[in-house]
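Chains as they are written, first to last, in my numbering: chain A, 7 to 441; chain B, 3 to 1019.
Rather than coming from a laboratory, the hints here were simulated on the basis of the structure.
You may find that some hints are simply not true.
[Unchecked claim] The calculated BS3-like cross-link candidates involving lysine-lysine, where the alpha carbons are at most 25 Å apart (straight line), are:
hint: 1; chain 1: B; residue 1: Lys-152; chain 2: B; residue 2: Lys-61
hint: 2; chain 1: A; residue 1: Lys-210; chain 2: B; residue 2: Lys-1006
hint: 3; chain 1: B; residue 1: Lys-631; chain 2: B; residue 2: Lys-608
hint: 4; chain 1: B; residue 1: Lys-1006; chain 2: A; residue 2: Lys-206
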Amino acid sequence: MKRIYSLLLVFLIASVGFGQSPSPQKQQYKRILFQNGSAHIGNGDFVQNSVIGIEEGKILFVKNALTYQLDKSDWDTIISIKGKHVYPGFIAANITLGLTEIDAVRATRDFSETGSINPNVRSLIAFNTDSKVLYTVRTNGVLVTQSTPRGGLISGTSSIMALDGWNWEDAVYKADDGVHLNWPIKYVKSGWWAEPGPNKANEKYNKTRDAIYTFFQEALSYSQVKDPAEKFLKLEAMRGIFNGDQRLFIHADYAPEINDIIDFSRRFNLKHPVIVGGYDAHLVAERLIENNFSVMLGRPHLLPEFDEDYTYANYQSAAKLQKAGVPYCIQSAGDMEVMNARNLPFLAGTAWAYGLTEEEAVASVSLNVAKILGVDDRIGSLESEKDATLFISDGNALDMRTNNVTIAMVKGNFIVLDNHQMQLSQKYHERYGIE
Amino acid sequence: MIKNILFGIFTLLLGIVSNAQDIEPENGVINSKETVAFTNARIVVSATETIERGTLVIKDGVIINVGAAVIAPKNAIKIDLKGYTLYPSFIDIHASEGVEKSNLKKQGMGPQLSTLKEGPYYWNQSIHPEVDAYTLFKKELFKEKDAYVKQGFGTISTHQRDGLLRGTSVLTTIGANATQEQIIKTTAANHYSFSKGSSRQSYPSSQMGAIALMRQFFYDAKWYSLQRANTDNISLKRGIENLDLPQIFEVSDKLEILRAVKLAQEFNIDLIVKGGGDSYERIDEIKELGTKLIVPVNFPAPYDVTDPYLSRFVSLADLKDWEMRPYNAYFLHKKQVPFCFTTAGLKKKTNFLKNIRKTVKHGLPKEEALRALTQNPAEFLNVGDQVGTLESGKIANFLIVKGDLFESGEIYENWIRGERTKIKDINNVDIRGKYNLNLNSIVYGWDVTGSAEKPKSKIMSYRIKVDSVTQTSKKDTVKLTPNLVMNDLQISMSFAEKDGNLDGVVQLNGTYNRALGAFHGKAKLPNGDWVDWSAIRNEKHKNVKKTKKSFTVDTSAVDNIMYPNMAYGFDSLPTQESYFIKNATIWTNEANGILKNATLLIQDGKIKAVNKSIVQIPNDATVIDAEGKHVTCGIIDEHSHIAISKGVNESGQNNSAEVSIADVVRSNDINVYRQLAGGVTASQLLHGSANPVGGQSALIKLKWGFTPQEMLIDEAPGFIKFALGENVKQSNWGSFNTVRFPQTRMGVEQVFYDAFIHAKQYEKEWKAYNGLSEKKRIGVDAPRRDLELDVMVEILNSERFVTCHSYIQSEINMLMHVADSMGFTLNTFTHILEGYKVAEQMKAHGAGASTFADWWAYKFEVNEAIPYNAAILHKMGIVTAINSDDAEMGRRLNQEAAKVVKYGGVSEEDAWKMVTLNPAILLHLDDRMGSIKEGKDADIVIWSDNPLSIQAKVEQTFVDGMLLYDWNRSVQLHDRDQEERNRIMQLMLAEKNGGAATRKPYKKMNPHYHCDTVEEH
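Required output: the full structure, derived from the provided sequences and hints.
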């Protein structure tokens, strides 16, 4: 117990620097045991009363506490989390977290480069570990993000980042994990945004699609030469797509476009094609499965696309893909996505209410994401040999009322669960003398 | 008596005399005024009178006699119309053709704050009642004239279709003569619309702004007319003068009809409304208005619904609209709403008659169609004594038609003021048939086919070929296609032969002999010789009779109207019923807290009994077993922008207190239904935050299916939106919007002081004036009524409450100082994201808070927003609500309330009150809503689980005791919608297969407003 107190002390000391982003912590314990928590593994399994062993930042095991023989001397610290829930760190895919601070202030917006084909621009080096927003996100259990550029036809290359680190160099989980392609839409909006006109057929659709084919053809040919005499940044940036090192994330929602994308993927023999958005993905589920696609599903908290859709259409999308057997995860891109990243657990919660089981819902923001991003060897679930990137919540983390993260680790290091909002809250609670 | 008769005769004579004289000097000798008699015609005198065989006599452009027994005057030119029908020609009273357009053009990219029209005119460029179309109507601009004439029109009333007060129209016949001989009335009607047209002046930027501006204009004009002004203003004068004319208001849909008439009624103005062709959706309400309508016939083409994915873009509302529009006139007729037709809105005027026939096929009786094309428009413009029927004394405007005008009849001639326009030739000779053509002893075969008007022909050149071996001869035929022009009885024709009987071009000219069916004339041969030719018909052309489709009227689809007429619309409107809910967990929001295993009785739209041991359950009550379920009062969204038409912000001025969302409630927004599905039963529809003083709110119940008026909460207290910070100083509007005051927080304060200090002076002036005795008022001008200041005075007198959009502590503090010094209390700070920093001041001032659960980081001023805000304010004893400001979030406010449990540890009951009781208190509606208490409105939600739980789903939502959302019924409605879609798409595909032009599916987008949604036209 003494040890636990000392651990808490670390947090307190860390939070003294008011107005500062919390510092990354150095791990002082080699072997840590979490005892008696309910473990949501992330792969669909659940252990009601668990012991979780951690060594040198890696998960050693997750076992049933009832059958586990505890030898206290094995551990540098034993932390009881009885009655609490432990989850793998949730992963917020496809957002601009770390690339922007204040949506309305242009100087803080670092996610959309000029020009239309920019596979060579990399979110990695723009990822700001001092963003105040990061620290309001991880306090809800979101510990990893896919920091993603936006705009143009090919926005750039994303990276998987931990929400902890002195700099992007130590925050990075996987550098340059994939290239983001915004597939053209067959229907474009008209009118002005307050009084929108009809959605009209996109006259330029075929032309834009042809431009994508042309660029990919060029990039494919280029990638077949190992060390070309003349180097082109844009084409170099595409190499990983063809040799399977990188994902291609194709942003699209509707079935006609997705069908075209599947044809496109077959043409270029893509190894890991991913649909991002996928409003209609359930309608073309079989074709997606046949062609090795995964889907990073749009925010459940979106209005239905069509008047006739069930009001809860987006709430149910995850369950539809789950049932159809399409590899999928939930992501939260959209309006105010950066600050909203902290609501990712509740998006999964809503999907749980509308058809997923609880553990499927947990998986939809943990292991499912890790698999699609290609980092499931390191994160996404509470399984041995993976990083101890996890958190402990007082209650169910997918429900707003009970999501209360008290302990969290990233890459085996405890992180400080403090942010400027908590500090401001505390400051004014103190000022007013309220509890 | 005798005197009167004499006077009558005198005027009659005078009339004749003046008719016979030309005002304009003639260049040459005076032309004779011929009399023309149309004999043996079927004469449709009017919608109610037809003469099966009679004579119509016209002279000098006027009908002088008509009847069955009328004998044509001897000097008359007689036209035998046996087999033809005369109809009065059509009148379009909502034309805008031939009128010069406004040439005021905005310069530069910045906002245009004042009018570009220099002179004694109204300050706003979209208001110009002084524009008289008769001064702008130009023959050379009237490009559509031929189309009008061919479609059967003889008279149009045309105006400059631009602006809110558009000015007057000119009523003119559309004959060939000079314009001055055509005009019936120089100022025929006064025109209005909700569209500001070519004006680029910033104000108004929204429909509610347009409504407020028109309202203010009428007050100004009235005031001005009673005023001894020392400046002259033509707009204000004409605004009043034009009220003597028929008043025509153009709108775009059924809801705007209701809005226009409501506005007009405030000033006792009777309207003729040019609608959007969808009145059928709200036919009962429109009937009740007692208004006349002008109806367009621009029926949409069917969509190409071949592809199952793409056809989803076409909403059920659009599918149904496509099906129902042709029935619109039938609905109006059935409800006895007086109406007339217009060509307005048609892309091609040439489709007009075709579409009129479509309405007849869809149930409108032919005589009513005729009435709507002739008598009604004439009467609407008070010129029924001059045009509209074929009675003597009226202008000789009529059509000569073969067949039934409303089935497949054809217009042969259109006479306008006695001037003839031939569209088809009545006397057309039909030369079709098979001839032997004898040209200089060479005999050709000649087949004339095609139509009687445009014959085509083939010439057969025969040659005898002799085989040199067998010496047998063979007849060889070569077909030639000649050029052929027939003009009355004269023919010109040429054909070329090669190596035949002749070699080269043969040119013929000849005369047709009708009696013989033969031609004769001269031809010029290739060698230059002139020879005789003749042709004798040996076989008449046989009409290949098309099997005529029988003319059928089908009105079977008219019972398919839903409320609203779109997805999830009700087949019939729900009514208040009795419900007894038992075994429920009831969140009362009252002292008794959460009741387990409790009962609730709803009756007559009210909560009748809460967990009473003895309850008289009405016999007709539906019993709902709510075992395991939670029952709450409905969610109230203090800050919503759903269900608003055409603009949430009136951003044209920094103070727009005069505008009101209540004027533009859009009852058929699907988000109303979606929010019912999220347990919301009442909302404050707020003006946006584009200016410091925004507009008045609409407090509504989410009564899906009902009209905007029915959705407004009866006797709701008045509210107005104020705003502070980045939005009002236009920080994020781009680099051109740096002109409108204020651009800083410093300026924002001054806007408020300015408005309130003015309002105080204004109130003083009125009090002084109202305090005068009637006697003393004589000779004293009344102060000008200012709608904006009226509202500011209401705020000062606590007759209207302020909800203020606010973020930063400094500005919140500032506004409280303004209010304190002006002597009123700010009711609610909305958003109030830094409220936690000024909680003590707010409490001292007495303001409530309505905030977001966790929004921040979207602009600079929310950088210190914290999710603990609501909890701190609540703990400080401030009435605190959680709002949405967003159509998506509005349907899961229960989740947002639950966040207050997480951030700050507020109890579940108190968190729940933040979306129910507390907003009710803030809206001063807590005597009727916000808790489950006997006597309160039966706005009830049944949840599957604890409403704050992530698992909670709405199973049923009641508003005023009406079951408006039901999870299970929603599934049924969904299935019905799919069937209905399928039924209509089948009709569309059938039309496509039948060769109809289709249009690509497209999706109408639903506006999704936030506070800072700013409209720029």
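Evaluation of the provided hints:
Taking the CA atoms of B:Lys-152 and B:Lys-61, the gap is about 23 Å. The hint holds against a cut of 25 Å. For the proposed pair A:Lys-210 and B:Lys-1006, the alpha carbon gap of about 20 Å is at most 25 Å, so the pair holds. At most 25 Å may separate the alpha-carbon atoms for a hinted pair to count; B:Lys-631 and B:Lys-608 meet this at roughly 21 Å. Between the alpha carbons of B:Lys-1006 and A:Lys-206 the distance comes to roughly 9 Å, so the proposed pair stays at or under 25 Å and holds.
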